[in-house]
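In this note's numbering, the protein residues as written are 2 to 380.
By construction, these hints were calculated from the structure, which means they are not laboratory data. Just to be clear, a hint being listed does not mean it is correct.
Said to hold, decoys possible - Derived DEER-like restraints, expressed as beta-carbon distance ranges: (1) P334 <-> G24: 44 to 54 Å; (2) A248 <-> D125: 27 to 37 Å; (3) D130 <-> V242: 16 to 26 Å; (4) A235 <-> S321: 23 to 33 Å; (5) E269 <-> T226: 48 to 58 Å; (6) T305 <-> D371: 22 to 32 Å; (7) A282 <-> T226: 13 to 23 Å; (8) A270 <-> L109: 32 to 42 Å; (9) A318 <-> V339: 54 to 64 Å; (10) P284 <-> G225: 15 to 25 Å; (11) A318 <-> V242: 45 to 55 Å.
Remember, predicted model here, so these are calculated numbers, not experimental data. Where a beta carbon is used, it is the ideal one built from N, C-alpha and C, also for glycine.
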Amino acid sequence: QAVHRLIEAQARRRPDAVAVVSGGQQLSYAVLNARANQLARHLATLGVGPDVVVGIAAERSLEMVVGLLAVMKAGGAYLPMDPELPAERLAYMLADSGVDLLLTQSRLRARLPDLAGQRVVALDTVALDDEPMGDLDVALQGEHLAYVIYTSGSTGRPKGAANRHAALFNRLAWMQQAYALRPDDVVLQKTPFSFDVSVWEFFWPLMVGARLVMAPPGAHRDPGTLIELIRSQAVTTLHFVPSMLQAFMAHDEVASCTSLRRVVCSGEALPADLQDRALRALPWSGLFNLYGPTEAAIDVTHWTCRLDGHASVPIGAPISDTRTWVLDADLNPVAPGVPGELYLGGEGLARGYLNRAGLTAERFVADPFDGEGGRLYRT
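Full structure from sequences and hints, please.
Given below as structure tokens:
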């Protein structure tokens, strides 16, 4: 299923429930859905439809969420462009992706690069009052693109990992099955949206009727601000890269975060001593270690952390409809304990790299264990 269809269902089921909070403002599910529908209709008049990639350069705000949802509702795929990135990096992403429509906020326009032929929509000033508020009926399939995120990888120029609706739904449906958000849960969105952790932060709570709280710009770097937000908004679920979890755990008011139920880590290796410290400091919260590259819809393996005395924290087992292999250079499985390269298969794989057929063919290879033409991603 397309994730925005699940959000539409929540708007019908619980129209007056709070969907998104940002600063002193909030949107109900009904209003969020209606505003996104109006913007989506406007985007459709500008040519947005299936597999059309739309850039969005915005700070964390209500407009950001409306913009992301509207692009999906119009059938397009969003390309997040963090306005804190250097102008040269943003210009490269625009040129490399071929994006000619950019959504932004008027206060950021002067900081963004100009490209010939590029059209700009200011999310905070665009006139939408005359657009109908009803849901759109855009025919989408699982192979259509949902989002594109640029990743530097280990070598070479940044490239856009083009992720499919089927992969996104598989990943979020697994997360709900594993960690079961309820309508009274509150998820904090603090990851810069040029990183794919932000994708689940945005869409997981909204697809199940929970509440999404947007951290102020820059707050993801400040443990004190995060603790204030967790307490004031009764946040139950949030993500840390381990280096930021380390800084968070060093704050003397961590023990006051009694609303937390789920702390998710990914993006770096989680040190065992940090795991143990977090579990002892927040005994009422689960701690979960996830792993995955941008090329495979956010995460592909999961581990529930525990105080087991081990010297390292595993990345765990594959999520649903995902396969992991450790192979040698000839794509043969290696024996236990023998080093090899991690390959990923299953529903979560990206379509490939945007406009990079050669690199896609090099990194997404035929799956020798699948007789039905499946692929493996070389990590």
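**Asked** Of the hints given before, which are not true for this structure?
**Response** Result: hints 3, 5, 9, 11 break, sorted rising.
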